[in-house]
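Participant: The chain contents come next:
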Amino acid sequence: MADYFAKGIHIEGLRKRYGEGDTAVDALKDVNMIVAPGEVVGLVGPSGSGKSTLLKCLGAVIEPTAGRMTLGDQLIYDNSWQIKDLRALRRDKIGFVFQAPYLIPFLDVTDNVALLPMLAGHANAYSRQCALALLQALDVAHRAKAMPSQLSGGEQQRVSIARALVNRPPVILADEPTAPLDSERALAVIRILNQMARQYQTAIIVVTHDEKIIPIFKRIYHIRDGKTHEEAGEGRAFE
Amino acid sequence: MISLAGRDIMHAWGKFVFTGVGLGLLIGVTLTMAGVYRGMVDDAKALLDNSGADLWVVQKDTLGPYAESSSLYDDTYRSLLSISGVARAANITYLTMQVQEGGRDVRAMVVGVVSGSPVQPGQPSYLISGRQITRGHYEAVADIASGFKLGQSIQIRRNHYTVVGLTRRMVSSGGDPMVFIPLKDAQEAQFLKDNDAIVQQRRRTAENPAFNRPNVPGLLDQVIASQSTNAFVNAVLVQIKPGFSAEEVAEPIRHWKRLQVYTRTQMQSILVGKLIATSAKQIAMFLVILAVVSAAIVAFIIYTLTMGKIREIAVLKLIGTKNRTIAGMIMQQALGLGVIGFVVGKVSATFWAPIFPKYVLLEPGDAIRGFFAVMLICVLASLLAIRAALKVDPAEAIGG
Numbered sequence: 001m002a003d004y005f006a007k008g009i010h011i012e013g014l015r016k017r018y019g020e021g022d023t024a025v026d027a028l029k030d031v032n033m034i035v036a037p038g039e040v041v042g043l044v045g046p047s048g049s050g051k052s053t054l055l056k057c058l059g060a061v062i063e064p065t066a067g068r069m070t071l072g073d074q075l076i077y078d079n080s081w082q083i084k085d086l087r088a089l090r091r092d093k094i095g096f097v098f099q100a101p102y103l104i105p106f107l108d109v110t111d112n113v114a115l116l117p118m119l120a121g122h123a124n125a126y127s128r129q130c131a132l133a134l135l136q137a138l139d140v141a142h143r144a145k146a147m148p149s150q151l152s153g154g155e156q157q158r159v160s161i162a163r164a165l166v167n168r169p170p171v172i173l174a175d176e177p178t179a180p181l182d183s184e185r186a187l188a189v190i191r192i193l194n195q196m197a198r199q200y201q202t203a204i205i206v207v208t209h210d211e212k213i214i215p216i217f218k219r220i221y222h223i224r225d226g227k228t229h230e231e232a233g234e235g236r237a238f239e
Numbered sequence: 240m241i242s243l244a245g246r247d248i249m250h251a252w253g254k255f256v257f258t259g260v261g262l263g264l265l266i267g268v269t270l271t272m273a274g275v276y277r278g279m280v281d282d283a284k285a286l287l288d289n290s291g292a293d294l295w296v297v298q299k300d301t302l303g304p305y306a307e308s309s310s311l312y313d314d315t316y317r318s319l320l321s322i323s324g325v326a327r328a329a330n331i332t333y334l335t336m337q338v339q340e341g342g343r344d345v346r347a348m349v350v351g352v353v354s355g356s357p358v359q360p361g362q363p364s365y366l367i368s369g370r371q372i373t374r375g376h377y378e379a380v381a382d383i384a385s386g387f388k389l390g391q392s393i394q395i396r397r398n399h400y401t402v403v404g405l406t407r408r409m410v411s412s413g414g415d416p417m418v419f420i421p422l423k424d425a426q427e428a429q430f431l432k433d434n435d436a437i438v439q440q441r442r443r444t445a446e447n448p449a450f451n452r453p454n455v456p457g458l459l460d461q462v463i464a465s466q467s468t469n470a471f472v473n474a475v476l477v478q479i480k481p482g483f484s485a486e487e488v489a490e491p492i493r494h495w496k497r498l499q500v501y502t503r504t505q506m507q508s509i510l511v512g513k514l515i516a517t518s519a520k521q522i523a524m525f526l527v528i529l530a531v532v533s534a535a536i537v538a539f540i541i542y543t544l545t546m547g548k549i550r551e552i553a554v555l556k557l558i559g560t561k562n563r564t565i566a567g568m569i570m571q572q573a574l575g576l577g578v579i580g581f582v583v584g585k586v587s588a589t590f591w592a593p594i595f596p597k598y599v600l601l602e603p604g605d606a607i608r609g610f611f612a613v614m615l616i617c618v619l620a621s622l623l624a625i626r627a628a629l630k631v632d633p634a635e636a637i638g639g
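Protein chains in written order, with the numbering used here: chain W, 1 to 239; chain E, 240 to 639.
Among these hints, one or two may not hold up.
[Claimed, not checked] The calculated PhoX-like cross-link candidates involving lysine-lysine, where the alpha carbons are at most 20 Å apart (straight line), are: (1) W:K93 with E:K561; (2) E:K561 with W:K84; (3) E:K513 with E:K284; (4) E:K561 with E:K630.
By construction, these hints were calculated from the structure, which means they are not laboratory data.
The model shown is predicted, which means the values in this text are computed figures rather than measured ones.
All chains should be built: construct the whole structure from the sequences, respecting the hints.
Facilitator: See the structure below:
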């Protein structure tokens, strides 16, 4: 069981405090999460509940105050960072999908996706090959040479999912990826994420407060006052 | 790895090209300013080269004849010819003035030379058309930059001269074209008084009892005659015999004739170090200001472009792009802008240099130095934007 979870996301007693003394704020008090490889879980909570802070801690962007985090088969935090090169960790082990796609405007679709393997040191041809395979899987290969500004919102979001997946990270963190989309497209994005999670055995956390997509998760973590509470979801869309 | 900077430039090429053209015009002005300085130095060297002299003999304790006024008796050259090592010696006068032609006048340096023999120092060393001055009076050879044509009649003071020859690159250190006329005419022009002044001088002389003695007939006429002629020249140009060094010949002239003698090297240092020194400093100040302005423009443009990409930079950092890759992207863009600017600047300067009234010499060495200076300025100017980009928090890409 430990091995199984060790390849997804495993968070124990994670805490994050901003400031010190009287002005200190505990954004995360006691966060515990487990996401298995191939699983998509929702992380929901009101504004200011600590969703983004948790995502930043998981994304190795800010340092937690205490706790333990394992991503894939690597213990990355145990009351201090266990890894020196956090930049390489983010590049190789974590995929990011943002609220807006944030594609690089001066790179075409293929190179937006291929950039990550290139940054990891892979050859351009190999990187583009990986990118095209993913774009095909996400049904945007026909726009491979287009610039981001020429894509629709849904296409841009699928390209950003391809970018998150291209280095085959064990973990994807999606920060409100459906916020700018209508119900139909939002559902499509979550289905794609679910499909990709299964296909590539990736653990995916989707941060959202989008009421229309909350019912589609099988498991949901509610975060309130810096603490997580697990709930079973309806999992409708994944059936 | 793809070139992020190259892709960004290609994506927004219009912005880069227009900015580069603007910067290029500024660089063109900078290169031209350097060219103006080089032109001044080259004019000074041309002045010395074209005189054909190895030594300049001038009035004692002066920096004449170009940097200060100098006056020598016009028979000084005879005694110089007797000095060992002197091959030729010829009088010369220089006078900067307005030369009239038809309804226009041209600022020129009128040079009085010993006419007759083209081998005499001071004569224009080559002609592009016409012939040298062969008569003792009223002939002129003009630099083509004066705009005078062969056969034209030009007026210097009261006298009219026929242009019998044209030459090229015979200019003063100030860039004024030279007009060569016979020495006697030049001496007259240099000291010629107007009629009223001559009458006044004659009256004053006649009323002086020392010059108008009743018992000495002819004295007054002699004194007046001596006042009406000019027996002075500005310098004597000396050519030395083969086998003698310039200093070897100069030293006896200084010692025995008690005159100031300058060698070619000394005269060049006077011209460059004193005559055009202030102009050179002025140009140097312009160059510094233009370099600072160029750097400020590049810094502002690159900073603005970088600030417009803050979100993308945050995403790049979040997905694991190294700082040096981001810094490299910004620096390459600055260098790209510099390259565009330099090419535009060099082409612009090459096109507009010939239409400047004074000689603008664009040296390849200056262009190479200018290129590296532009690159250095671009690198320094990009540091501000790089600093801002490296301070971007990758967390900015994540909402909340």
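Participant: Are E:K561 and E:K630 close enough, with their CA atoms no more than 20 Å apart?
Facilitator: Given pair E:K561, E:K630 holds - Cα atoms ~13 Å apart, limit 20 Å.
Participant: Between W:K93 and E:K561, is the straight-line Cα distance small enough, at 20 Å or below?
Facilitator: Cα-Cα ~16 Å, so holds.
Participant: Just to be careful, I want the Cα atoms of E:K513 and E:K284 compared with a cutoff of 20 Å; is the pair within it?
Facilitator: Roughly 14 Å separates the two Cα atoms, so the pair holds.
Participant: For the pair supplied as a hint, E:K561 and W:K84, confirm whether the alpha-carbon distance does not exceed 20 Å.
Facilitator: 14 Å, holds
Going down the numbered hints, you'll see the structure goes against none, and every one checks out.
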